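**Q** Sequence:
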Amino acid sequence: MIGKEGRVTGRIGPGLVGEVMIAVRGGAEAFYAHPVDPRDEIGVGSIVVVVEYHPPRTVYVAAALAG
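Numbering-wise (the numbering used here), the sequence shown opens with residue -2 and increments by one.
Calculated from the structure, these hints are not laboratory results.
Keep in mind that a hint or two might mislead.
[What the hints assert, rightly or not] Simulated restraints on C-beta separations:
hint, residue 1, residue 2, range
1, His51, Thr6, 15 to 21 Å
2, Gly7, Arg36, 25 to 31 Å
3, Ala63, Gly23, 24 to 30 Å
4, Val48, Arg8, 24 to 30 Å
On a predicted model such as this, the values are computed, not experimentally measured, just so you know.
Virtual Cβ for every residue (Gly too), placed ideally from N, Cα, C.
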């Protein structure tokens, strides 16, 4: 899971539990998402990268670098 990219489907930010869709086992699955930096806000539609994974369904993410 660490290093995988996903798309934000529920806003991620301070005090919020967001949601991301990540490609897993040939499909896409939803995961609860928190920002790695607790001050970050990441909007719906943004691409993020998984930095930490806490099974079964929680990830900590950072915005993916554009490029």
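**Q** Output the numbers, in ascending order, of every earlier hint that fails for this structure.
**A** 2, 4
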